[in-house]
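Colleague: Listed below, chain by chain, are the residues.
2 protein chains.
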Amino acid sequence: MAENGRKILLAVDEGDESMYALTWCLKNVISENSKDTLILCYAKPPRAVHTAMEGTVWAFSPDVMESLERYSNDVAQCVIEKAKRACKHLNDVKVETVVEHGDPRDMICEVAEKLKVDLLVMGSHGYGLIKRAFLGSVSNHCAQNAKCPVLIVKKPKPKGGNGKH
Amino acid sequence: MAENGRKILLAVDEGDESMYALTWCLKNVISENSKDTLILCYAKPPRAVHTAMEGTVWAFSPDVMESLERYSNDVAQCVIEKAKRACKHLNDVKVETVVEHGDPRDMICEVAEKLKVDLLVMGSHGYGLIKRAFLGSVSNHCAQNAKCPVLIVKKPKPKGGNGKH
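Quick note, the sequences are listed as chains A and B, same order.
In case it helps, full-length UniProt numbering puts the first sequence at residues 1 to 165.
In case it helps, full-length UniProt numbering puts the second sequence at residues 1 to 165.
Misleading hints may appear alongside valid ones.
As the list makes no split between identical chains, a pair holds if one copy fits it or if it spans any two.
Said to hold, decoys possible - Distance condition first, Cα-Cα at most 30 angstroms in a straight line; then the derived BS3-like pairs of lysine-lysine:
#1 K114 with K157
#2 K94 with K27
#3 K35 with K157
#4 K116 with K94
#5 K35 with K94
#6 K35 with K88
#7 K84 with K27
#8 K116 with K44
#9 K114 with K27
For the record, the hints were derived by calculation from the structure and aren't laboratory data.
With the hints as constraints, model all of the structure from the sequences given.
Modeller: This is the structure:
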């Protein structure tokens, strides 16, 4: 690895694929003694998605909205903590986190652009079955719309895949 | 870079984007003293594309077909040689080449699978304006269909991009 001091944005979510992408990235892209910055980024669902899921914007009382908000904060924290634990061995690599509400497709591309990252890494689907049904494949969208290089890491299927992992 | 001895497939074509992807990959993914294998892969257009371009399968005489074949061989050689020159400084990295006729979308995914590569790297569009119009975006297809991790490298637009490159 010739380059150092790069900014690498890693989109994490609740799924196994994003943890696999992180592990792969730590093995293959970021050396533990590099001066890279790894930015873990998690998109909490926009409130509109909570409501759109029921098809009725008026269906939830403020109490329910609040507990959904609390739930999504808990999930966010859990995902970010798990990702950070996987990065513990990185000596000189700075690990930062970005957690924001928003459609992950837009949010990830916007963060990538705003922070001028050198590389965006993500799992191949992302953002869970339910959200994916609403939002389409996050990785497809980002591969087409992010302005930086995009690395899409696929979790090999148990029966074969690419062998080594 | 913790890993070594990986197989990295780089899809090259006539365009600037694929040369940029190669340069980016050499800076960011492959260290010059690693034991990685870099496989440069180029898809020559299938004969059907030559003919489909005119909409008439019977339009070309064998002579014309032969000169098209010779032309596509020349282009292939030129592209591969240029890519190899960019890899000259790699000491221990093995550089191999694969040149085959075929729809690049399928050919690249098939080569990736057959050779059990650890990573597929490509430019963000690939395969020239004319072929792209016929075949759709090669990188989109591969990002969705290749079984290995896929790195799509975009050439920054001159007026901005991601700054560093």
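Colleague: Cα distance capped at 30 angstroms. Does K35 pair with K88 within a copy, between copies, both, or neither?
Modeller: both (15 angstroms within a copy, 27 angstroms between copies)
Colleague: Given a CA cutoff of 30 angstroms, do K116 and K44 count as a within-copy pair, a between-copy pair, both, or neither?
Modeller: Classified as within; 21 angstroms inside a copy, 36 angstroms across copies.
Colleague: Evaluate K116 and K94 at a C-alpha cut-off of 30 angstroms and name the case that applies: within, between, both or neither.
Modeller: Classified as within; 16 angstroms inside a copy, 33 angstroms across copies.
Colleague: At 30 angstroms max between alpha carbons, let me know whether K35 reaches K157 within a copy, between copies, both or neither.
Modeller: Classified as between; 26 angstroms across copies, 33 angstroms inside a copy.
Colleague: How would you label the pair K114, K27 (within, between, both, or neither) given a Cα cut-off of 30 angstroms?
Modeller: both (26 angstroms within a copy, 23 angstroms between copies)
Colleague: Are the CA atoms of K114 and K157 at most 30 angstroms apart within a copy, between copies, both, or neither?
Modeller: between (34 angstroms within a copy, 16 angstroms between copies)
Colleague: What label fits K84 with K27 when the C-alpha limit is 30 angstroms: within, between, both, or neither?
Modeller: both (15 angstroms within a copy, 26 angstroms between copies)
Colleague: Tell me, please, which holds for K35 and K94 at an alpha-carbon limit of 30 angstroms: within, between, both or neither?
Modeller: Close inside one copy (7 angstroms) and across copies (27 angstroms); limit 30 angstroms.
Colleague: How do K94 and K27 come out at 30 angstroms by Cα distance, when the copy is not named: within, between, both, or neither?
Modeller: both (16 angstroms within a copy, 20 angstroms between copies)
Violation of the numbered hints given earlier is absent; every hint is satisfied by the structure.
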